[in-house]
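Mind docking chain A on chain Y? Use the hints.
These are the residues of each chain, in order.
Number of protein chains: 2
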Amino acid sequence: MAQINTRYVNLVNHETGKTYDIHTPQTYCTEHNEPLVAQYNLQKPLNKGILQNRPFNMWRYKELLPLWDDQYIVSLCEGFSPILEMKNLEKKYAFGQLLMKDEAGNPTGSFKARGLGMAVSKAYELGIRSFSIPTAGNAGSALSAYCAKGNLEAHIYMPKATPKMFQLDCKIMGATVNVIDGNISDCGKAMRADNGDAKWWDVTTLKEPFRLEGKKTMGYEIAEQLNWKLPDVIIYPTGGGTGLIGIWKAFQEMKELGWIKEIPTRMVAVQTVGCNPIVQAFNANLTSATPYEDPGVTIANGLRVPHAFGHKLILKTIYDSNGMAIDVTETEIINALNEFATNEGHFLSPEGAAVWHAAKSLRSSGWIKDNEHVVLLNTGSGYKYAENLWD
Amino acid sequence: MAQINTRYVNLVNHETGKTYDIHTPQTYCTEHNEPLVAQYNLQKPLNKGILQNRPFNMWRYKELLPLWDDQYIVSLCEGFSPILEMKNLEKKYAFGQLLMKDEAGNPTGSFKARGLGMAVSKAYELGIRSFSIPTAGNAGSALSAYCAKGNLEAHIYMPKATPKMFQLDCKIMGATVNVIDGNISDCGKAMRADNGDAKWWDVTTLKEPFRLEGKKTMGYEIAEQLNWKLPDVIIYPTGGGTGLIGIWKAFQEMKELGWIKEIPTRMVAVQTVGCNPIVQAFNANLTSATPYEDPGVTIANGLRVPHAFGHKLILKTIYDSNGMAIDVTETEIINALNEFATNEGHFLSPEGAAVWHAAKSLRSSGWIKDNEHVVLLNTGSGYKYAENLWD
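In the order they appear, the protein sequences are chains Y and A.
Residue 31 is where the first sequence starts when you use my numbering, and the numbers rise one by one after that.
Residue 31 is where the second sequence starts when you use my numbering, and the numbers rise one by one after that.
Among the hints, a few may not be true.
One-sided excerpt, in silico: chain Y residues whose CB lies under 8 Å from chain A [unchecked claim]:
hint: 1; residue: GLY135
hint: 2; residue: MET195
hint: 3; residue: ILE202
hint: 4; residue: ASN365
hint: 5; residue: GLU369
hint: 6; residue: ASN373
hint: 7; residue: LYS414
hint: 8; residue: LEU419
For the record, the hints were derived by calculation from the structure and aren't laboratory data.
Glycine included, C-beta positions come from ideal geometry on N, C-alpha and C.
Isolated chain Y (complex conformation):
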């Protein structure tokens, strides 16, 4: 029997506080060009003991997700990814504790399953049946798969520089794939041109409110899996930034719920030197980022985002957490990927490898201190990027 969730109560512009009707589909605050953020009734007591008999996927936190009615869940079993000890590299580089949250085992091989699983389910509940997305690869794979499962329609816009694997993945799921000669922003433009009459629901990062809600489940899991004691540092590869913002949002919600006592965590955003708008803004101590002109091609396709729609939220997360933004080179990514594989037996995504290099830099600079506990986010499987790595 369907179960009804009554905690999701509001959608707001995070800057102005302006609220939006939650009973009709909402995109973003077009007045101020800012994302909308879901809010919950967190005053009503919720014991974390509810988690004991829950499924091992992100829907275990369903009271903190925006879906009202369970019957609309479109799920491929996303989330509840493991947090693993990286003992060999912990020792080699003298980390206090080095952990990796490994998103590689998710459906369609990446963390994007969380956000798209949530966005598709909620849109489905609100009556939407066709979707479109500009994507660096994995978000397109995920949207295609959830649309296949839900018997829904998917339209994918992907840069030509994306490994062919991602196109194959979307096509095999029955999606319509458009390959665009340009970067992800160009894909967004092409999609909006084709979708002039808004026949498709646009699930561009943060241009609808619910991918963020799916991504935040990483934060709930980190807390639960570390027995409600948060790490000192979380290092995250930042393209669109939804996960970084989402993890931080989850921490705030859990504190309000009384599930955790304190939030010691510093959030680190990692970008490439060829496309580092957040790093530049952080270095200049700005609260907003400038669109990056002519972003360089990278093997970490997910990091080639010249202007994240959530740039202010990303920077706010970094500042609020006393965090950091840092960039890495292509050579550093490749070397980090190889080092991680030969030492720990995990074939990281290039984005995850960028995170590993950043961790080493911050450790050797002393920004990460001797006894600190560090969580690396590996956002996806390296296999889908193999084309980038062949000689």
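Only chain A this time, still in chain Y's reference frame:
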């Protein structure tokens, strides 16, 4: 602190009952050319309540695994893969219940992580530090990854017809990769020629006893995840057959432990028409299989095994369970892979797709009856095989 497991007590030739010393490394019964099988003290009571606070990987069943001392575990977090409902295809083809145990999210993207994780850990406990394997792909990936994690040496022998992805995977983990112009049996020959002085530990399927023990954890999980009520039918892609044998072994062990009351399950082995030695033996009602001459290349690389060392155990499992062996064509595999993706949003391995076609055949022939519960085994991620699927 290290925890000591005392339940693993014996290694026997499954046919003759001859026992082997468990305190030194053992390969197989060279006298009768048969695999050795691990035995446990199952009379000593063991309450399945122990599972409540266990990690979500195959080591949750450690009392039923051969490792004595926890400190030798080499783990990448293998096992405890989900069992998922395939509601769209269940309805389309009128299955009583259609479930899929999805091994795609395992480390290195396949079920091979279980067997190699176990074999490497146990060999490590017994003092072994270098390994070799002939492989259709995924077993090589897994051995390479566990050797990387354990700081051990891996030598891989792989057919030329294997997708390049698998070579890359092994190399990135630091293994030595030898590409052989031939099938997996030819790889075995080449490996044994290079390893004349037995400097490497040979982990060929069933030529050491412990990959089987890792693979059997799929059987424990199926029981636990289905609340200790086994399905009517399990359909399994059968190359070397370790998983099929292992699941059945787990069921027998659980019955002896009192964890399950009955074993209604019929075990189905799926092969390709181009290499179907088990199907031929089954159709002729034989208890052993004849080596298949000149096996055809298939996109389901893992099924190109002309002579499984465990052929008698595979056939015994099929007969003991009132099961079945069935073969599928290349076109059927590709069509099944596409149908599964567009209907359920999962990109199966070609071996998993072979299983799905077999399920449909057995349903339409009536061998799978109206109300029966069916579990499909998807043994790995389709992404690693993408090269086989590009036009």
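How the hints compare with the structure:
1. GLY135: Because about 3 Å separates GLY135 of chain Y from the closest Cβ in chain A, which is inside the 8 Å limit, the hint holds.
2. MET195: holds, 5 Å
3. ILE202: holds, 5 Å
4. ASN365: violated, 12 Å
5. GLU369: violated, 10 Å
6. ASN373: Holds - the Cβ of ASN373 of chain Y comes within 8 Å of chain A, reaching about 7 Å at its closest.
7. LYS414: Holds - the Cβ of LYS414 of chain Y comes within 8 Å of chain A, reaching about 6 Å at its closest.
8. LEU419: holds, 6 Å
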